[in-house]
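Heads up: the sequence lines are chains A and B, in that order. Here the first sequence is numbered in my numbering, starting from 1 and rising by one per residue. Here the second sequence is numbered in my numbering, starting from 1 and rising by one per residue.
Please keep in mind that the hints were generated in silico from the structure rather than gathered at the bench. No false leads were slipped in.
Derived DSSO-like pairs (lysine-lysine); straight-line CA-CA distance at most 27 Å:
no.	chain 1	residue 1	chain 2	residue 2
1	B	LYS109	B	LYS85
2	B	LYS238	A	LYS418
3	B	LYS179	B	LYS109
4	A	LYS324	A	LYS303
5	B	LYS186	B	LYS211
6	A	LYS393	B	LYS232
7	A	LYS275	A	LYS245
8	A	LYS303	A	LYS401
9	A	LYS311	B	LYS232
10	A	LYS418	B	LYS232
11	A	LYS393	B	LYS238
12	B	LYS131	B	LYS179
13	A	LYS234	A	LYS252
14	A	LYS123	B	LYS131
15	A	LYS303	A	LYS287
16	A	LYS182	A	LYS40
17	A	LYS40	A	LYS11
18	B	LYS131	A	LYS311
19	A	LYS401	A	LYS418
20	A	LYS324	A	LYS234
21	B	LYS238	A	LYS311
22	A	LYS396	B	LYS232
23	B	LYS179	B	LYS113
24	B	LYS43	B	LYS79
25	B	LYS186	B	LYS170
26	B	LYS85	B	LYS43
27	A	LYS401	B	LYS232
28	B	LYS79	B	LYS186
29	A	LYS245	A	LYS287
30	A	LYS123	A	LYS4
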Amino acid sequence: MPRKHSIAIGKALRRIARLRGGGSALPGLFIERLEPGFLKDALEGLEHGVILVSGTNGKTTTTKMVSEILQAAGLRVFSNKTGSNFTRGIVSALIEEMDRDGKLPYDIAVLELDEAHAVHFVKQVQPRVSLFLNVMRDQLDRFGEIDHTARLLSVVAGATTEAVVLNRDDPLIRSLAGNVGKNVSVHYFGAHSNILHLFPSDDLLQAATKRSGIKQKRAPTEQRSGDVELAAFKGQLVAYHIGKKLYKAELKLNGFYNYLNAAAALATVRIFRPKTSADALLRALEKVEPAFGRGERVLHHGKPIEFVLVKNPAGFRLALASAKQAKTSEVTMIAINDDFADGRDMSWLWDVDFGSLRDAGVQCASGMRAYDMALRLQYDNVTVSEIETDLAKAFKSLLNKNSGQPMRVYCTYTAMLKLRAIAQKSLGMERAI
Amino acid sequence: MSTSPKGQIRILYLYPNEMNIYGDWGNVLTLARRLQWHGYEPKIMQHHPGKAFPKDVDIIVGGGGQDSGQLAVEADLLKNGVAIKSFAEDNVPMLVVCGLYQLFGRSFKTSDKKIIKGISLFAAETHAGDKRLIGNTIIDTPFGEIIGYENHSGKTILDSKQASFGTVKKGAGNNGGDKTEGAAYKNVYGTYLHGSLLPKNPVFADHLIKKAVEHRLGEFEPNIIDDLFADKARAIAKRRPR
Chain A
1 MPRKHSIAIG
11 KALRRIARLR
21 GGGSALPGLF
31 IERLEPGFLK
41 DALEGLEHGV
51 ILVSGTNGKT
61 TTTKMVSEIL
71 QAAGLRVFSN
81 KTGSNFTRGI
91 VSALIEEMDR
101 DGKLPYDIAV
111 LELDEAHAVH
121 FVKQVQPRVS
131 LFLNVMRDQL
141 DRFGEIDHTA
151 RLLSVVAGAT
161 TEAVVLNRDD
171 PLIRSLAGNV
181 GKNVSVHYFG
191 AHSNILHLFP
201 SDDLLQAATK
211 RSGIKQKRAP
221 TEQRSGDVEL
231 AAFKGQLVAY
241 HIGKKLYKAE
251 LKLNGFYNYL
261 NAAAALATVR
271 IFRPKTSADA
281 LLRALEKVEP
291 AFGRGERVLH
301 HGKPIEFVLV
311 KNPAGFRLAL
321 ASAKQAKTSE
331 VTMIAINDDF
341 ADGRDMSWLW
351 DVDFGSLRDA
361 GVQCASGMRA
371 YDMALRLQYD
381 NVTVSEIETD
391 LAKAFKSLLN
401 KNSGQPMRVY
411 CTYTAMLKLR
421 AIAQKSLGME
431 RAI
Chain B
1 MSTSPKGQIR
11 ILYLYPNEMN
21 IYGDWGNVLT
31 LARRLQWHGY
41 EPKIMQHHPG
51 KAFPKDVDII
61 VGGGGQDSGQ
71 LAVEADLLKN
81 GVAIKSFAED
91 NVPMLVVCGL
101 YQLFGRSFKT
111 SDKKIIKGIS
121 LFAAETHAGD
131 KRLIGNTIID
141 TPFGEIIGYE
151 NHSGKTILDS
161 KQASFGTVKK
171 GAGNNGGDKT
181 EGAAYKNVYG
191 TYLHGSLLPK
201 NPVFADHLIK
211 KAVEHRLGEF
221 EPNIIDDLFA
231 DKARAIAKRR
241 PR
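Only chain A is shown next, with the shape it has when bound in the complex (with noise of 0.2 Å):
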């Protein structure tokens, strides 16, 4: 069939999709089975083609941050920005978006993709820059093991055709660089050795006990000049050394794992406008404000509600650490849900240690594990106020209770989706800068 009329028929089929309130990757779906080659014509197209983001934690927050820098560096840049990770949803916006002869008004295409998707994705497409953020245990019931992953991300960067931006304090991110091809540069992106303690490897990790002997080690590399590390933080000023001068940033992101995410976006971002200076890219960072559910806040009274999206260990630590980092008096909120989308294994839970949160006490486990998780914290000495697996009762006998304080809810996927909803919806909320 001419491209021509598999496009048209693909955009009426997603407006009768939104018509029905049905979903909208059906005519992707469609698409990809009637041309294999669409995806490939679609991105191949773009002049500055496609920027891959892969790795377990930070996909969307990190593809928000080199969109939005590449943008106020004028590209028109197309995004999957529902973070939906299947090619077909890929697919679908494209659809959407390109004209009746397949053009699309964009430069450069910036995607995130699990590991599992990136691989079937660089069948069809080759990107030419890809950025590896972590390999973490995640949702072990979903995606299996880590050298399995790990696997999984060297067809990924095998199939990169210009350049790589890796981890460089991640063991596993790091020896990507020996499947790269034999013209594609490798650019890492890391902590300095001052705050690498702050994001310690899943091995380093063990709960409420010493461990013996095991030093964090870290391959010596010098910083160069396409490199770029997170130096230091207070707050949200931030320090980052870019090649090897040093610049100052104050970001409306939260948390420090996403100032090093951001050090990973500025590393990719520099790949595409070498001639842009490091303090125009730097002004671009500071307008980012948090990607859907990862850190946003809502006002309740003049007082901000974080949402934390907490998926597996890892995630779940950086996000205590960053809590205790920042030191104010909050109302802390765990609502556990275990859909598909969530995890439904518990066991990931007890990789993680609370014991941060003992002091201040957590004032409601919810979700519909929640009595998983005030297990959990009853394990670790931590007291737990209030158990309610219904998160609409939970969230406002939690604001009723709390209202003239700032309040951290730590949430799984599912219950993130959920609690928004009612945060804006029913409470009116608005959103907070």
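Dock chain B against chain A, hints included.
For chain B alone, coordinates are given in the frame of chain A:
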């Protein structure tokens, strides 16, 4: 603590670096914490490959790992197999989950057809299957219902004389065919169940603790522990989809 502990109980945690992929630290933590709540003092010792195996332990615990983890510990485990079996004959309680459960059998045949030798404490063999056996699991055991979550492609077949840990009520168990789950010999228990296993199964946790304390002190004097959260978590876990 208002009163001095009734005694010190030594917990040996096997291969915490190599076999720690699956929240099984929760088993060590549960034993340690419950011992404290019962008025005893837990001492957690770690065994790493290449180190001398301790001569004096009251309970041994080990967890799951990736295939690469199993290869890393194989030699060391075999070297210490005699010591471990001698502890078993001495009625020392043990809990080995997933990867270490497999290595407590005769052998594990990987998907690449490599054979990893076990210590033959259990009369059982495991081979890598093509389907992953995964999901919420309930088994019947002498300690009541045990509730956990299995996730393994290894299929374990018990010899006819080898007792299982339990019978599958919901889930796959050792191999998805014969309704057995895990293995049991004296006070040694092997299982595929994560969750972690012990937090939601306090009756079984206290059984292991009882055996450990009896090994050290002859008699176990339990305190009453509030297991309300565990009971409620169990009730909900039982109703969740596979």
